[in-house]
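Let chain A serve as the given structure and place chain P on it in line with the hints.
Protein chains: 2
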Amino acid sequence: MFIGEFDLIARWFTRAPRDAARVPLAGGDDCALLAPTPGMQLAVSTDTMVEGRHFLATVPPERLGHKALAINLSDLAACGAAPLAFTLALTLPRIDEAWLDAFARGLWALADAHAIDLVGGDTTGGPLAICITVFGEVPPGQALLRSGAQAGDRLWVSHPEGSGIGDARLALEGFRGSVALDSGAFESLRQRMETPAPRNALGVALRGVATSAIDLSDGLIGDLGHVLARSRVGATVDADALPTGPLLAAQSLTLRRECTLAGGDDYELLFTAPASHDDAVRTAAAQGGVAVTCIGHIDAEPGLRIVDAAGTPLIGRWAGFDHFRE
Amino acid sequence: MFIGEFDLIARWFTRAPRDAARVPLAGGDDCALLAPTPGMQLAVSTDTMVEGRHFLATVPPERLGHKALAINLSDLAACGAAPLAFTLALTLPRIDEAWLDAFARGLWALADAHAIDLVGGDTTGGPLAICITVFGEVPPGQALLRSGAQAGDRLWVSHPEGSGIGDARLALEGFRGSVALDSGAFESLRQRMETPAPRNALGVALRGVATSAIDLSDGLIGDLGHVLARSRVGATVDADALPTGPLLAAQSLTLRRECTLAGGDDYELLFTAPASHDDAVRTAAAQGGVAVTCIGHIDAEPGLRIVDAAGTPLIGRWAGFDHFRE
Chain A
1 MFIGEFDLIA RWFTRAPRDA ARVPLAGGDD CALLAPTPGM QLAVSTDTMV EGRHFLATVP
61 PERLGHKALA INLSDLAACG AAPLAFTLAL TLPRIDEAWL DAFARGLWAL ADAHAIDLVG
121 GDTTGGPLAI CITVFGEVPP GQALLRSGAQ AGDRLWVSHP EGSGIGDARL ALEGFRGSVA
181 LDSGAFESLR QRMETPAPRN ALGVALRGVA TSAIDLSDGL IGDLGHVLAR SRVGATVDAD
241 ALPTGPLLAA QSLTLRRECT LAGGDDYELL FTAPASHDDA VRTAAAQGGV AVTCIGHIDA
301 EPGLRIVDAA GTPLIGRWAG FDHFRE
Chain P
1 MFIGEFDLIA RWFTRAPRDA ARVPLAGGDD CALLAPTPGM QLAVSTDTMV EGRHFLATVP
61 PERLGHKALA INLSDLAACG AAPLAFTLAL TLPRIDEAWL DAFARGLWAL ADAHAIDLVG
121 GDTTGGPLAI CITVFGEVPP GQALLRSGAQ AGDRLWVSHP EGSGIGDARL ALEGFRGSVA
181 LDSGAFESLR QRMETPAPRN ALGVALRGVA TSAIDLSDGL IGDLGHVLAR SRVGATVDAD
241 ALPTGPLLAA QSLTLRRECT LAGGDDYELL FTAPASHDDA VRTAAAQGGV AVTCIGHIDA
301 EPGLRIVDAA GTPLIGRWAG FDHFRE
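From first to last, the protein sequence lines stand for chains A and P.
Note that our numbering numbers the first sequence so that position 238 is 238, with each residue one more than the last.
Note that our numbering numbers the second sequence so that position 90 is 90, with each residue one more than the last.
Isolated chain A (complex conformation):
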């Protein structure tokens, strides 16, 4: 059976908006219509995922649907914006109904969890790629930016209670065969890599509390580097303070450092706040349903210094990151 673009969109990617006051028109016309809350700013972000670059062909399509939306929601979280809606541009090599069923299931489940509408987009033929644009709202002046970190601020990272960061990277090492993992451990890590949980409730709760924020997508050092460059500050990070889950904690120190400092795909929030906001940070974390750990502080002196628990600078691969660019 041939399924055309209109049928495809109607069957898998069309639902009535959950709130016609917020989304007067979603799909079926040349444009969707959104009615942003008067006075709010609109936060917008776009992320594309291309097979072979951003995900392995082995990822189950349900998880892919989740992740494609999750990484975009994570950008809203990093700005403290409340999610509103999204568009989906899907490029497919073929019409595979089972694949579309599963992909749509994962996508809608996360959309429902965040009470947002899919308001438009298109489908086309070609190598598998998923381009999502998300829209969120934030009061003027309250967006969390990369440019707001101040010397003296504490540096925090979010993570699941009882777990940490770096699991996605450890899963990747498992795929690569460079680390031995039993099947239960591998599946657990793989789920962390393939179904990240965007921290939108935390992001919203950090408005007025955090001075800057970014989501961890490329690895802590690189992502922190963007904050330092735009804020024109430096930082000291305690590598031993970086939270890890039990599976990563059981690995070698070398691998732990690699996964926590340079692993990507965590989609946790890295943020700064003055020490006077410690209680507010913990309250925000509770509101966000996640744990947060202080992993260092912001310095007036440029550059990134990575130290161990004793305060001794790390040597070798982790010694000295003097210069970050925007």
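The hints are simulated quantities; they were obtained by calculation from the structure and are not laboratory data.
C-beta atoms are modelled at their ideal positions from N, C-alpha and C, and glycine is treated no differently.
Treat the hints loosely; a few may be bogus.
What the hints assert, rightly or not - Some, not all, of what chain P presents toward chain A, calculated at C-beta under 10 Å:
# : residue
1 : H54
2 : G120
3 : S147
4 : R230
As the list claims (entries may be wrong) - Computed spacing ranges between beta-carbons, pair by pair:
#  : chain 1 : residue 1 : chain 2 : residue 2 : range
5  : P       : A180      : A       : P60       : 45 to 55 Å
6  : A       : G52       : P       : G311      : 50 to 60 Å
7  : P       : P38       : A       : R15       : 21 to 31 Å
8  : P       : E97       : A       : A241      : 35 to 45 Å
9  : A       : R94       : P       : S183      : 33 to 43 Å
10 : A       : I95       : P       : G311      : 16 to 26 Å
Chain P in isolation, oriented as in the chain A frame:
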């Protein structure tokens, strides 16, 4: 020289927003921030162009930059939305500086012509594809929708003064070698195909004048079909009234019919308005800097009837389109 994603965006796709009140933040952070005019609805549309599907590898990159934005602006035009901003997600097989120079030149020229900002997006490696999401503004209740056509309305199409629709399709026939065109004619037609002019000024001017609108992207019959389906009406189109430029007018009747009735890629507006609005339609066209031609009317009876200038129904390929689906 290796050029990373950040350098690429900084070099080709970064400019300060032209109006910080409308676009408080464009690029460099997790999200862009837009400040929509209070009380206005936000019109959103996404279109992806994939090499080999939506454009030929022979298209000059400057024209490709133009067209990728133009087809998205055209969706805003069809809704009567005033363009505000756009995001660009670019998937590139390689970093080709000359290509990027030209692509960006075409993109920015059209963005400048419409006074809109590029507010975000991403670049990634992979088969050449361009995914743009545009944002526009329209007063609540004034968006031109596909669903508003009324029996008795006149059916109009926009086109350049002294020209018509179907030229893009004629250019495609030229590429296919199925029609003989001298090089000057071919270049002129090719330009119509590769650098369509979105009709945003007309779209805005048609607010409160037109009852429905759509842009011609897939061909007149198919696009009109969407309007008829969503409006639950039918239409009669005078095939001989369809405006053509001199190059298409010189072709056989068969080819003229094919190009005007089923040719795609025109990006003109097809719209309906009550006969009492004829003067207002002409005023809107003047404000939009384009010509408009009445090509038929909307009927209460479902289906599309295509007739000649004498009112005789066409036979063969163009006889009877009883059923259109949304």
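Numbers of the earlier hints that this structure fails to satisfy, in rising order: 10
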